[in-house]
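**Student:** Chain by chain, the residues run as shown.
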Amino acid sequence: MYDVIVIGAGPAGANAALTAEHYGLNVLLIDEGSDAGGQVWRVKSKSILSAPVTETSLKGDKLRQRVKSSEVDILFETRVWQIEQNEEHVWQLGLQGVCERSSVSGKALIIATGAQERVIPLNGWTLPGVYGLAGATALFKEHMILPGKNTVVAGSGPLVFFVASEIIRLGGTLSAVVTLNSRFEWLKAAAEMISKPGLLWQGVKWVFKLHIKGIPLHWQSALSSINGNEYVQDVDIIKTTKYGYLKRKLNVLVEADSVCLGHGLIPAIEATRLAGADHHYDETLGGWVPTIDQCGRTTVKYLYACGDNAGILGVQAAPYRGELSAIAAVEDLTGSTSETINHHNKALKSLGEEAAFGIAATALTIPKNGLIENIGKNVEVCRCEGITREEIEIELIKGSVSPNSIKSGTRCGMGPCGGRFCSESLAMITESITNQSREEIGLPTARPPLRPVSMDEISDELDYDELPIPGVSPL
Amino acid sequence: MGCGTALRASEGGMNTIIIDQSDMGQGASGVNAGTLSMQIKRVKLMPYAIKGHDMWQKMGQEVDFHKTGGYTLAFNDREADLLHDRMTMKKEAGANISFVSPAILQEKEPSLAQKIVAASYCPDDGYANSSLTGQYYRKRITQLGINYMENTKITQINETSTGYEILSGENRIQTKRILFACGGWLKEAVSLIGEDIPVNARVNTVSVTERAPRLMNSVIGHATGLLTMKQKNNGTVLIGGGWQGIGKPSEGRGKVVMDSLIPNLQLAKFAAPKLAKVRIVRSWTGFEANVPDFYPLAGKLGKRDNAFILGCVRGGYTIGPYISSLMGDYILGKEPEMPLFDPSRKFEQGKLI
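Heads up: the protein sequence lines correspond to chains A and B, in order. Every letter in the first sequence is one number past the one before it in our numbering, and letter 72, counting from 1, is 72. Every letter in the second sequence is one number past the one before it in our numbering, and letter 326, counting from 1, is 1326.
In short, the hints are calculated from the structure, not lab data. Here the structure is a predicted model, which means the values were calculated and not measured. Some hints could be false.
[Said to hold, decoys possible] Calculated Cβ distances over 10 Å to all of chain B for the following chain A residues:
#1 F140
#2 G172
#3 L187
[Stated by the list, open to error] Chain B side only, calculated, beta carbon under 7 Å to chain A, not exhaustive:
#4 D1124
#5 S1131
#6 T1224
[Unchecked claim] List of simulated lysine-lysine pairs, DSS-like, C-alpha gap at most 30 Å:
#7 B:K1153 <-> A:K398
#8 A:K44 <-> A:K188
#9 A:K301 <-> B:K1248
#10 B:K1051 <-> A:K398
#11 B:K1139 <-> A:K377
#12 B:K1277 <-> A:K46
#13 A:K188 <-> A:K239
#14 A:K398 <-> B:K1232
#15 A:K349 <-> A:K68
#16 A:K209 <-> A:K188
A virtual CB, placed ideally from N, CA and C, is assigned to each residue, including glycine.
With the sequences and hints as input, model every part of the structure.
**Tutor:** Written out as structure tokens, the structure is:
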């Protein structure tokens, strides 16, 4: 049995694992990727033999080297599908993937599953050629592949500019960049971000690059629709009010074969929910977050959350959050020492300095009310099951008010993704019709597996006579 | 069952309100595997199950009812004997059950395992989609103009000279009569008026797969009752069998545990080997309330004239609509068509074979 198991080897999780190992604990680090780095410092695909060195590749390589040379046990290309805690508070995880073990147990569990992206649907968003902004960055980082020959980048927050800048760097063509944010919102954010002048300057450079290349940059605008028969052919760009409502008369048609679209990152909370932690809604942190103390202790004993899954604070804050969670686990398991206390104080101070930047960036992506009006009646909200906005609205009008009830009535969120991609839009539609707050609307019941898992992956051949028959039902 | 009783009482002219701590139809009736099988009903409850089945059939498309026929499988001689004894008694109780040879089964259900020793068949068996229970009842209740309050937890019940006063936060509801139909939460609910009944809750596990090619046409069961399987029209396969998760109703929803989920899935894979490559998309649990003799509670609560209880119906998904109509009649002061089950009886321990 491990002292500490960490799920997720991004900057938060990997640093948590390294910190726990530093204090002499027996640590296991699990990640579905092929190496450490997470989404932000994503490792290059093995098929790429050489690539230009960038700041993120350097940071990622450094982290991977630290993990490799540590005593931390590693399970890469492995997913956790089930999380259980027994009466003695021991964690038991069900595993799937290349690892030979089907389960593993540990005393403390640190969850560092990061963020996922929010894409608010609009007409045409399911056409081939439409990518999420974060999904596009994964393509760039891991495979150095461009989304198309001629791309429109649209959405909110800093990722819009990062994706645009990466497309240029990798030799692609941009036909337009469309940001929901106004210049004023950016200026306001910049004032908050001033504590990190380096990062701020990087953002300014991204925008400057677009100007030099003569790429049309649409501030406070949105795509009203993505058009095409079998693939993306063009998009309609429209000015919005500051609340994101479309100003119907001012649209521009722009040709493109691909679109990168995203509305910020939200915490990936399935694992902390399955583990039984309490969660609450905080839009400044990206939405639903586990309720934690400043070190990442959740409401469940020996369960910790760090990194963007505990609230979107970004990559700068992540390593310190990882360290703090690991220190909390170390102190809870073995008691505190002057070293852990000093370390805690130092990491907490650094976290405070870094968090302001992340919060300012996240503020730019808080969904604007108007966006919900841009989801047309016939737009598929749940892609797995093909459920449209209209079907959801009809269910709401019939009297379903909770996500569980709407899910039962429509199948919205019942497909293979488990509602990961539609629950945010579903809640926004519910909010607009029932006037409940997001906290009141709540979340659907957490259910395993965390990702679809085949029976072969989790169960061996049955020795029929060994089957534990627990007693026959009464006649 | 609460909704079913409310419909009947309201049709009989009573002013009725439904109060639920969660969403309508999201307890056991909304999360079970949806099996409507005569082969897994208790002998003594068979007449109720037959009536209940008819009611599901009438609800039809609205609850995604399908009469597919059902097979119950035995994989060794011990199970074959068990199957023979049990199904013979259920047949005598009125279920349309026959025995089929493995060769015929093979022809009808070619994707099932070759290792089947014996099987029984009931043409009436089928399933409905339990997810639609809440939707169905909400529609009926709205049509009849019955009041309902969802996500309303009752915090206190006071006895008054005219009946009961129900408190939930700021809300106060006066009622002459009260019915407790709280499934797994019955014990906590009746304790609000100082009653104690020996209700336990089983924590049944259900899983559903992604959409798969056609693997089975009928509802599949196992001689021990430890497996139910059906493939819906959309290709997803529902797998149940009463494998036990953990948790108590008082602590919220139950939890799936690998120790029971994995043998459940192994048994499914053993019965239908092609399931091996199909992915499980969701597993969950539902509370099935029972008393020690595994027979329903349906009647007056304790010595009270105006408090009633309905629950712990073994096979409650199938029987629920019918027994709740009996309950409605009883509350209306009419003689029910079939006898109810006195909640004040002495409970003998149910025999497990």
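**Student:** All hints are to be evaluated individually against the structure, with a verdict given for each.
**Tutor:** Now the hints, each set against the structure:
Consistency note on A:F140: stated as away from chain B, and its beta-carbon is indeed over 10 Å from all of that chain's, at 29 Å minimum. With a least CB separation of 35 Å from chain B, A:G172 remains clear of the 10 Å interface cut-off, as annotated. Once the 10 Å rule is applied to beta carbons, A:L187 is consistent with being away from chain B; the minimum gap is 43 Å. For B:D1124, the shortest C-beta to C-beta distance to chain A is roughly 19 Å, which exceeds 7 Å, and the interface hint is violated.
With a cut of 7 Å, the hint placing B:S1131 at the interface with chain A holds, because the nearest CB-to-CB distance is about 4 Å. For B:T1224, the shortest C-beta to C-beta distance to chain A is roughly 5 Å, which falls under 7 Å, so the interface hint holds. Proximity of B:K1153 to A:K398 is assessed by CA-CA distance (about 22 Å); at most 30 Å being required, the pair is judged to hold. A threshold of 30 Å between alpha carbons decides the hint, and for A:K44 with A:K188 the separation of about 35 Å lies outside it, so the pair is violated.
A hinted pair counts as satisfied when its Cα atoms are at most 30 Å apart, and A:K301 with B:K1248 qualifies at roughly 19 Å. The straight-line distance between the Cα atoms of B:K1051 and A:K398 is roughly 29 Å, inside the 30 Å bound, and the hint therefore holds. For the proposed pair B:K1139 and A:K377, the alpha carbon gap of about 23 Å is at most 30 Å, so the pair holds. Between B:K1277 and A:K46, the direct Cα distance comes to roughly 27 Å. Compliance with the 30 Å bound is thereby established for this hinted pair.
A distance of roughly 20 Å separates the Cα atoms of A:K188 and A:K239; the hinted pair therefore holds under the 30 Å criterion. With a C-alpha separation of about 25 Å, the suggested pairing of A:K398 with B:K1232 holds against the 30 Å cut-off. Only pairs whose Cα atoms come within 30 Å are accepted, and A:K349 paired with A:K68 is accepted, the gap being roughly 28 Å. Restraint check for A:K209 and A:K188: satisfied, since their Cα atoms lie roughly 21 Å apart, inside the 30 Å limit.
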